[in-house]
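Student: In the order they appear, the protein sequences are chains A and B. For the first sequence, my numbering gives the first residue as 1, with consecutive numbering after it. For the second sequence, my numbering gives the first residue as 1, with consecutive numbering after it.
FYI, nobody ran anything at the bench for these hints, they're computed from the structure. Heads up, some of the hints might be wrong.
[To be verified] With a Cα cut of at most 20 Å, we get these calculated SDA-like pairs of lysine to any residue:
no. : chain 1 : residue 1 : chain 2 : residue 2
1   : B       : Lys117    : A       : Gly126
2   : A       : Lys85     : B       : Ala135
3   : A       : Lys85     : B       : Asp140
4   : B       : Lys85     : A       : Val141
5   : A       : Lys59     : B       : Thr105
6   : B       : Lys85     : B       : Arg35
7   : B       : Lys117    : A       : Ser130
8   : A       : Lys59     : B       : Trp103
9   : A       : Lys117    : B       : Lys59
10  : A       : Lys117    : B       : Gly133
11  : A       : Lys117    : B       : Glu137
12  : A       : Lys117    : B       : Arg139
13  : A       : Lys117    : B       : Pro138
14  : B       : Lys85     : A       : Glu137
15  : A       : Lys117    : B       : Ser131
16  : A       : Lys85     : B       : Arg139
17  : A       : Lys117    : B       : Val141
18  : A       : Lys117    : B       : Ala143
19  : A       : Lys85     : B       : Pro138
20  : B       : Lys117    : A       : Arg139
21  : B       : Lys59     : A       : Arg23
22  : B       : Lys85     : A       : Trp103
23  : B       : Lys117    : A       : Glu134
24  : B       : Lys85     : A       : Ser130
There are 2 protein chains.
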Amino acid sequence: MRWDEIRDVPCSVARALSVVGDRWTLLVLRDAFLRTRRFEDFQRQLGVTRHLLADRLRKLVAEGILERVRYQDRPARYEYRLTDKGRDLYPVIVALLQWGDRWMTDADGPPLRLRHKTCGHTLAAGLTCSSCGEAIEPRDVTAELAAAGSPQRP
Amino acid sequence: MRWDEIRDVPCSVARALSVVGDRWTLLVLRDAFLRTRRFEDFQRQLGVTRHLLADRLRKLVAEGILERVRYQDRPARYEYRLTDKGRDLYPVIVALLQWGDRWMTDADGPPLRLRHKTCGHTLAAGLTCSSCGEAIEPRDVTAELAAAGSPQRP
DNA sequence: ACGTATTAGTTCCGATTCAGAACGCAAGCC
DNA sequence: GGCTTGCGTTCTGAATCGGAACTAATACGT
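Hey, can you work out the whole structure from these sequences and the hints?
Tutor: The following block contains the structure:
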């Protein structure tokens, strides 16, 4: 199966990954959440080749995750801002951040802390069920088909 | 920057992606969370080439995310099971699933629902602050360096 | 007028990775 | 013996990537 076919797999995870499952794309979004907006800044901070960065930004704009906004004329210059669809990826980034903090840090510990302004604490995000408020464990979850039809997976 | 250097970037997101930021790896893990354990089953369900699947499973085992367990002798056969480190990736998969459900579904709606056994409701996971219990929004979070040293990012 | 800087890309080429299909091997079953 | 199951490996052409140089529009300094 080629990667451009993955989008048509009836699975929300696969479809999400068809857009953000690229090596660099999630790093671009990480920087976007840290308020990076401009081509040069993305390029410097990420160390990605300009070629690939241009391509990924184009695709993210085409998907409606970033929008290209003109911020000056003469010469025309554009910056890239998260859309609502893009901002909704925050839980993905935070989940990766916390997993990396826990399992991939070297002796120095996590290099950056997120602080929750609302309560002032260092952020430790948990996955909770919005119905009952309890923490979610894999073993407490069952998967079921929402509708009849061709075999489908999550 | 080559991808094998990304691991040394002082950023938990980058380090996490150095392990799971591959096109197929997160799909392998999705199936692992759905109790898939064997090579043939992964291959059939994912549609990935056997070559690549063997490579990804090897890497996930090397990273301690899956473990290779002998389940029969003569001939020796092994299956792949999530370790604690692997199970800890559940929030990443769930975050991708929910984003895909919301933004990438076609007319049929999400193909699969997760049910929270504990409360019986269809699972809608939220990102909550484990200190104050409130839902976390990007704008309520600030990033700060945990320690002095070379320039670091989340 | 001329050279330098800024910002946002594009072009080119050799190296790496990937998809698809075939092949290997160990054992069980008929 | 020949077919099947399970788990990989090997091979080849195609696609993608990394690194560096190049283009373009405009401002700015002298």
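Student: State for each hint whether it applies.
Tutor: Consistency of the hints with the structure:
1. A threshold of 20 Å between alpha carbons decides the hint, and for Lys117/B with Gly126/A the separation of about 18 Å falls inside it, so the pair holds.
2. About 18 Å separates the Cα atoms of Lys85/A and Ala135/B, which keeps this hinted pair within 20 Å; it holds.
3. Taking the CA atoms of Lys85/A and Asp140/B, the gap is near 18 Å; set against the 20 Å cutoff, the hint holds.
4. Of the pairs offered as hints, the one joining Lys85/B and Val141/A holds, with about 19 Å between alpha carbons and a cut-off of 20 Å not exceeded.
5. Under the criterion of a C-alpha separation no larger than 20 Å, the hint pairing Lys59/A with Thr105/B is consistent with the structure, at around 18 Å.
6. At roughly 16 Å between alpha-carbon atoms, Lys85/B and Arg35/B fall within 20 Å of each other, so this suggested pair holds.
7. Pair hint Lys117/B plus Ser130/A holds up; C-alpha atoms about 13 Å apart against a cutoff of 20 Å.
8. With a CA separation close to 16 Å, the supplied pair Lys59/A and Trp103/B stays within the 20 Å bound.
9. This hinted pair does not check out: Lys117/A and Lys59/B have alpha carbons roughly 38 Å apart, beyond 20 Å.
10. Between Lys117/A and Gly133/B the CA atoms are separated by roughly 13 Å; this keeps the pair inside 20 Å, and the hint holds.
11. Between Lys117/A and Glu137/B, the direct Cα distance comes to roughly 10 Å. Compliance with the 20 Å bound is thereby established for this hinted pair.
12. Distance hint between Lys117/A and Arg139/B is fulfilled; the C-alpha atoms sit about 9 Å from each other, no more than 20 Å.
13. With a C-alpha separation of about 10 Å, the suggested pair Lys117/A and Pro138/B falls inside the 20 Å cut-off, and the hint holds.
14. A C-alpha spacing of about 14 Å is found between Lys85/B and Glu137/A, which places the hinted pair at or below 20 Å, so the restraint holds.
15. Restraint check for Lys117/A and Ser131/B: satisfied, since their Cα atoms lie roughly 12 Å apart, inside the 20 Å limit.
16. Our distance criterion of 20 Å between C-alpha atoms is met by Lys85/A and Arg139/B, whose separation comes to about 15 Å.
17. Pair hint Lys117/A plus Val141/B holds up; C-alpha atoms about 6 Å apart against a cutoff of 20 Å.
18. A C-alpha spacing of about 10 Å is found between Lys117/A and Ala143/B, which places the hinted pair at or below 20 Å, so the restraint holds.
19. For the given pair, Lys85/A sits about 13 Å from Pro138/B by alpha-carbon distance, which is consistent with the 20 Å threshold.
20. Straight-line distance between C-alpha atoms of Lys117/B and Arg139/A comes to about 9 Å, which keeps the hinted pair within the 20 Å bound.
21. Taken as a hint, the Lys59/B and Arg23/A pair is honoured in the structure, with Cα atoms around 16 Å apart against an allowance of 20 Å.
22. Note on Lys85/B and Trp103/A: the hinted pairing holds, with a Cα-Cα distance of about 7 Å set against a maximum of 20 Å.
23. Distance check on the hinted pair: Lys117/B and Glu134/A sit about 11 Å apart at the alpha-carbon level, within 20 Å; holds.
24. At roughly 25 Å between alpha-carbon atoms, Lys85/B and Ser130/A are farther apart than 20 Å, so this suggested pair is violated.
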